[in-house]
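Respectively, the protein sequence lines represent chains V and C.
With the first letter of the first sequence counted as 1, position 147 gets the number 147 in our numbering; the numbers rise by one all the way through.
Add 337 to a position in the second sequence, counting from 1, and you land on the number used in our numbering.
Be careful, since some hints might not be right.
Stretch by stretch, here's where chain V covers chain C in the computed footprint (C-beta under 8 Å, at least three residues) [stated by the list, open to error]:
hint, segment
1, 382-392
2, 449-457
3, 563-571
4, 591-604
Hint data in this document are derived by calculation from the structure and do not stem from the laboratory.
Just so it is clear, CB atoms sit at the ideal spot from N, CA and C, and this is done for glycine as well.
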Amino acid sequence: MLIMTLKRLAMAIPSLIGVVIVTFLLTRALPGDPAAYFAGPAATPQAIQEVRVKLGLDKPLIVQFGHYVVDLIHGNLGTSLTTGQPVATELHNRLPASAELTLLGLIVSILIAVPLGILAATKPNSILDHTCRIVSTAGVSLPVFFTGLILVYVFYYLLGWAPAPLGRLDVFFIPPPQITGFYLIDSLLAGDLETFWASLKQLILPALTLAIFSLAPIARMTRASMLAVLSSDFVRTARASGLSAYTVIITYAFRNAMLPVITTLGMVFSFLLGANVLVEKVFAWPGIGSYAVEALLASDFAPVQGFVLTMAVMYVALNLLIDVLYGVVDPRVRLDA
Amino acid sequence: MTDIAATPRAEGGLTALLRHSRYVLGENPVTGFAFGLFVLIVLAALFGPHIVPYDPLASDTTAALQAPSTRHWFGTDQLGRDVFSRVVVATRLDFFIAVASVALVFLMGGLAGVAAGFFGGWTDRIVGRIADTIMAFPLFVLAMGIVAALGNTVQNIIIATAIVNFPLYARIARAEANIRRDAGFVEAARLSGNSDWRILTFQILPNVFPILVVQMSLTMGYAILNAAGLSFIGLGVRPPTPEWGIMVAEGAAFMVSGEWWNAFFPGLALMVAVFCFNLLGDGLRDMVDPRRRT
């Protein structure tokens, strides 16, 4: 198991190198003079020259790349033009907000999609099966920002159940003392149930939006893979041996059917991390996505670069985690490696 | 599907295809419905600006934020512009972005993938490495980065959407070219003295083509979503240009005060278009490759 994990870790290194090269090249692809771009619109030629020297843009490309890598190793992602803050600090402060939202969205989505997929597969062509098909086709067609807005309209404006879509916590509440950065966990650790409910209320709609979006591939894959497993020989044998339907479906079929679903999670994460940006914009969520969007619109490139890099590194790490998880669920993968 | 295999060869390619298409449409009316929607979208894209009742850019502040009525089917926005006219006129731009980006990636990804699968070796390694690197990013995030770097224009949205779809096309084309590389008809062509390039162009490409066309219609939906997402966060298309993503973004502020029609109708148009392309793609796939049916 350890060897497999190490091997997989080594395989992630080329991806990471590729990610670093691409984020570096993105800054060099800036139209016009990057120095003028980084110096801001009102800069004098002298200031531009200063920026050029300061950023090392007067040196050959390969040397610049070396500087970039050294900066990255020191955790330096540059400084934002608009706020004057180091990008790494801002990303670090805002990351828990995004992570809490994305993870909750994923959990909700799995909790709905997996049972739905299993039920659809056990009763093909039933009402549940058709529901599963409609949900999964509609889910991929719904633009995630549109779903979010509809939820806001229905649950905030019409029903008044949800709070205004303005950030992580109502202004009347004080954020819990930071331990993990996740408001739900921190408020529980602080024993502050009122804050817990308040932050949960703010989280529900954006998390639900993400869940609806990522439901489709998970439900579809669970259904397809359960159908395949349920028609296999060992399930027939288990049934013929007189095991209860529950044992056959959960113990025998489900465990085997989970493998392709775990693989799909990689793709789901790619969509989720992207959709996160849009959901954060809709709900004014103070995460790294809205930080990047604000910077993008202000033509402030360093935060965008840092954001793209952070997202890509997280995505590579998540894929790594999924592969390791695959080994835990399926012992055969361990033997192969 | 068995009666298709039994179709006599003498019937001729076109007739057989028509017969097969009719069979698929008959069995799956949803595909027929999706095709009808597709025709509607194309018509709106072609003739939209000529058939709408109002000028999509003409503002009339006395009629701002009116709910849907018989005069304004989809209501009016904060500047009194007719939402229905704007939604219809926007079809052309959204459709154009999707078609252009898909055509671009079809050329780039398709050719690179076919070359990688056919030649193998270094070509394969380089194409594979590029595809892997793109896949290492969450796709929408990479598209954001590309548009930010290349500049905030519609053209760059098309390029970014094409780049993030590159791995998908390159991989499919590579796999399809690879299994045909040593096929009997390719060997025969090679023995008859055809050069590698000639085999690639006249033997391999025509065989990979239908599979890539199916992929095109499957990715059209994603391309529209991607482009609309980018313009929703304020990239590419600028106001007052009518475009679905930016219209939803402009209408978003009015959702919390109850003027739902501003964001709802462009969002609905977006949803219907994506839905249509996804269904159409599934239908086309059934037609070209019945085995991959789910």
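Evaluation of the provided hints:
no., hint, in the structure
1, 382-392, "violated (count 0)"
2, 449-457, "violated (count 0)"
3, 563-571, "holds (count 5)"
4, 591-604, "holds (count 8)"
Hints 1, 2 from the earlier list are contradicted by this structure; the remaining hints agree with it.
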